[in-house]
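**Student:** Those protein sequences? They're chains P and X, same order as listed.
FYI, in this note's numbering the residues of the first sequence are 1 to 240.
FYI, in this note's numbering the residues of the second sequence are 241 to 480.
It is worth saying that the hints were derived from the structure and are not from the lab.
Idealized CB from N, CA, C, for every residue including glycine.
A few of these clues could be false.
Chain P stretches covered by chain X per the calculated footprint, using a threshold of three residues with CB under 8 angstroms from any CB of chain X [stated by the list, open to error]:
no.: 1; segment: 49-61
no.: 2; segment: 97-107
no.: 3; segment: 130-141
no.: 4; segment: 209-216
There are 2 protein chains.
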Amino acid sequence: MTVRYFVDEPITRETATLSGSEAHHLLHVMRAKPGDEVVLFDGSGEEFPARVEALRRSEADLIILDRQRVDRELPSPLILGVALPKGDRQRWLVEKAVELGVTRLIPLETARSVAQPDAKAVQRLGRAVIEASKQCGRNRLMEIGLPTAWREFVASAADTRIRLVAHPSNQSAAPILRPVLPGPVCLAVGPEGGLSDEEVEQAVRCGWETISLGPRILRIETAALALAALLAAELEERGT
Amino acid sequence: MTVRYFVDEPITRETATLSGSEAHHLLHVMRAKPGDEVVLFDGSGEEFPARVEALRRSEADLIILDRQRVDRELPSPLILGVALPKGDRQRWLVEKAVELGVTRLIPLETARSVAQPDAKAVQRLGRAVIEASKQCGRNRLMEIGLPTAWREFVASAADTRIRLVAHPSNQSAAPILRPVLPGPVCLAVGPEGGLSDEEVEQAVRCGWETISLGPRILRIETAALALAALLAAELEERGT
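Produce the entire structure from the sequences given, and follow the hints as far as they go.
**Tutor:** Encoded structure:
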């Protein structure tokens, strides 16, 4: 796949300018020259074949050659609420969620959560979304929502048919593989120490189903990505 | 879950000794004291509640209190052949494969692979298996096979009913979600640059099916874990 670059504003004219990290990538990593052809995207769902026209120290001007709607999204929205893990694992989670097609990621505040990411950390996560989108071909950026309290998250999206909470359970779990009608899917993954009994009850009372991912204790990011992969596959299979 | 420690030889007597990294964990990270109770495992599939008896500078003696067969394995073997990614991602892949229940991981040599891990790297991967097993509760260690040529890997396991190669395809992919009869499952994931046409043909000629994971370009470790998560869920659902 031709190297892709993100333009942080809608591409509406016949030219575009790369700056910041994206210009650095083009200029100093790929060492582009005038005449080189690349692909731009601006998060709107379109791709823009473009040609490098002029290079400056930290910016590049390009000529837009075409615009094409190229949709690599899931057939229906996939929303993932997750108590963010700490450190590197946060970035991994965001990167893999983008690759798997997650539409929106909501950091959850739960009884046993660790601290929420600060403004600087959220900015880095936004950068991770862009880089993962460049690599995997998505032309819409995964949204990262504001940190949301568990109670509020499970009470929202009351009209979403499929809402699943990852929770080890003794009784036979709702089958994780079953025909999924088209429509949004909401997933919820709790913190390392697990969801409290009260949190699980709140979700069930709001109409969520609990899903067990087997007898092994999973890290937050593993549970989130396994669940996302499963539902993404089901959505892709059912198609639009 | 009580903190778990790995003993690198079969536990057969009424005492066991921890050394190396495991002793370090017990002594200096957990700061255990005589009388503390922990859980040991030796890779045999059993767990051993034990009590700390004596601590030395870099070893610890424990008394075995009980032995219990605690199986957190998948109902059937799940074998994952994968062209290893570079650097950190290799370790991440191994860790997540353990959590998801992969039975055996085979590093694959393909036309577009990067270098295979050297002896030191393989040792570190073995350590990653132990640490992931401690954390997720598996009492059997995932095996890491010797690097194997693609041609040889796809020709092996000819009697395994379910053999799937991750490969983006234009024609409608074999449904990834379908009733899976009990029995071993083999998965194959190629390198970042993709499998060559010849490699795909070799697999198909040997009876493998290609599986598309959607329109997004996935990193090696993402494709491997998505596929493993899907098949693990199907195996768990079908049971023994």
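**Student:** State for each hint whether it applies.
**Tutor:** Results for each hint:
1. 49-61: violated (count 0)
2. 97-107: holds (count 3)
3. 130-141: With 4 residues closer than 8 angstroms to chain X, the segment 130-141 of chain P meets the three-residue bar; holds.
4. 209-216: holds (count 4)
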